[in-house]
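Enquirer: Protein sequences appear in the order of chains A and B. Under the working numbering, the first residue of the first sequence is numbered 1, with each subsequent residue one higher. Under the working numbering, the first residue of the second sequence is numbered 1, with each subsequent residue one higher.
Hints are computed from structural coordinates only; laboratory data are not their basis. If you're wondering where the values come from, they're calculated on a predicted model, not measured in any experiment. One or more of the hints may lead you astray.
Only pairs whose alpha carbons sit at most 30 Å apart, straight line, appear in this in silico BS3-like list of lysine-lysine [unchecked claim]: (1) K73/B / K94/A; (2) K73/B / K131/B; (3) K73/B / K129/B; (4) K94/A / K36/A; (5) K131/B / K158/A; (6) K95/A / K73/B; (7) K94/A / K38/A; (8) K158/A / K38/A; (9) K36/A / K203/B; (10) K22/B / K129/B; (11) K38/A / K95/A; (12) K95/A / K36/A.
The calculated label-pair distances, taken between Cβ atoms and stated as ranges, are [what the hints assert, rightly or not]: (13) G107/B / L191/A: 30 to 36 Å; (14) R127/A / A97/B: 19 to 25 Å; (15) K203/B / L191/A: 40 to 46 Å; (16) L191/A / K131/B: 52 to 58 Å; (17) A97/B / A63/A: 23 to 29 Å; (18) L191/A / H213/B: 56 to 62 Å; (19) L170/B / K95/A: 55 to 61 Å; (20) G205/B / A162/A: 25 to 31 Å; (21) E128/A / L66/B: 35 to 41 Å; (22) L88/A / K69/B: 29 to 35 Å; (23) F131/A / G107/B: 19 to 25 Å; (24) G190/A / K73/B: 51 to 57 Å; (25) F175/B / L100/A: 48 to 54 Å.
C-beta atoms are modelled at their ideal positions from N, C-alpha and C, and glycine is treated no differently.
Here are the chains, one letter per residue:
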Amino acid sequence: MQPDSHAFIFLNAFLINNFVLAMFLGLCPFLGVSGKVKTAWNMGLAVIFVMLVSSICAYGINALLVRYQLEFLRLICYITVIASAVQLVEMFVKKFSPALFRTLGIFLPLITTNCAILGLALFQTNREYDFTQCLAFSLGAGAGFTLALVLMAGLREKLELADVPDVTTGAAMSLMLAGLLSLTFMGFAGLGG
Amino acid sequence: MAEDPRLPAQLSWDTLTQGIWKENPVFVMLLGLCPVLAVTNTATNALAMGLATTFVLLCSGVLVSLLRKIIPKQVRIACFIIIIATFVTIVDYAIQAISLDLYKALGAFIQLIVANCVILGRAEAYASKNKVVNAFVNALGMGIGFTFALLCLGVVREVMGFGTLFGMDLFGPEFQPWAVFALPPGGFFVLSLWLFLFAILRKRGERRKEALHAA
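Construct the complete structure from the given sequences, taking the supplied hints into account.
Expert: Structural data, given as structure tokens:
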């Protein structure tokens, strides 16, 4: 596959350089919301949507900033726009699905400080993707995030039944699991070569 | 680091130390994990990241504390984020000017300091409610605690993964590097092991306290 083809960009963000397991982006929700598969899935959907919106916004802003040679304002603009996009999603979800809103709870506003979203905007700028490539990249990254979150939630649901020593409960165990998942995902490294 | 006698009375030693140990942002509160895992494959990167984060923590803490009576309650989060983003931009350009190699090694993670929950958390929970001096000392403690945690990971990962420390060869040419420690999974494993260690230490401390009470 061509390295700048849309399929490769999608696959790269989805599996090979998974945002959570290979680039360590968005770890807070990854550890916080991965208790149940259902919640993880909802959170994943919210993140995919926010990623898509903020990727499009970031593309537009970057074009504008480059045109007026204001690149040093990039970070400030990105973070402001992403915060507003999250607000928008929050209002949208609250209106159309109050049940989903309650499930996501505190984590929807927290997407603002989710580095995966900002990371996506920064990476697509650094790699100079064009518009459709940005779309493929954000969809791949969102799908990869959801995949990692759901896999982790599945593991943790099983883990609740396991008999482990006292000191190994909680975050330490989750991180160990994440390490194993990450090790597994390294197997995708040669994919699409 | 000596205590400054000019500081006001209500500022206790605790203001500084709670960030370093009792409320260590990484090991206790599990905040800001992304840079902790992403840039700690060598001790040098870990130190640079820790210092950059400390700088942003200090500056944003002081500025938020200075402006705490001016910023309206409703838009405070947005204001904090913009203040933080300003200092992160400064750090970003500064590192680029000082060392291009370091800038390339840390990549987008310098700019991602802006999304580090430790900094926003400090601004919201401490700096916006306290005097400038307190905010400064508290941010310094948090920064030291964060840098300490990064170094804990960075040192282990560099020694195991490359057989070096701050770029110096430790074991000689026969050493077989344990590559997984330098790769992404190693970050998860090393942090997890540190957490195990601290959980065991905490358990032991509690047991000792109980034994004292019983006696």
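Enquirer: Can you tell me whether the CB distance of L88/A to K69/B sits inside 29 to 35 Å?
Expert: Given a distance of about 30 Å, which is inside 29 to 35 Å, the answer is holds.
Enquirer: Between F131/A and G107/B, does the beta-carbon spacing fit 19 to 25 Å?
Expert: 23 Å, holds
Enquirer: For the pair supplied as a hint, K36/A and K203/B, confirm whether the alpha-carbon distance does not exceed 30 Å.
Expert: 28 Å, holds
Enquirer: Do the alpha carbons of K95/A and K73/B lie within 30 Å of each other, as the hint requires?
Expert: 25 Å, holds
Enquirer: Confirm or reject the claim that K203/B and L191/A have a C-beta distance inside 40 to 46 Å.
Expert: 43 Å, holds
Enquirer: Would you mind confirming whether the straight-line C-alpha gap from K94/A to K38/A stays at or under 30 Å?
Expert: 18 Å, holds
Enquirer: Quickly compare the C-alpha distance for K131/B and K158/A to 30 Å and report which way the hint goes.
Expert: Violated, because 48 Å separates the two Cα atoms, which is more than 30 Å.
Enquirer: Is 51 to 57 Å a correct range for the gap between the Cβ atoms of G190/A and K73/B?
Expert: Hint holds: Cβ distance 53 Å, inside 51 to 57 Å.
Enquirer: Going straight from one Cα to the other, do K73/B and K131/B come out at no more than 30 Å?
Expert: Given that 30 Å is the threshold and the Cα spacing comes to 17 Å, the pair holds.
Enquirer: Please test the hint of 56 to 62 Å on the beta carbon pair from L191/A and H213/B.
Expert: At roughly 58 Å between Cβ atoms, H213/B and L191/A fall inside 56 to 62 Å, so the hint holds.
Enquirer: Do E128/A and L66/B keep their Cβ atoms within the hinted range of 35 to 41 Å?
Expert: 39 Å, holds
Enquirer: Are the Cα atoms of K94/A and K36/A separated by 30 Å or less?
Expert: Cα-Cα ~21 Å, so holds.
In this structure, the earlier hints numbered 5, 13 are contradicted, and the remaining ones agree with it.
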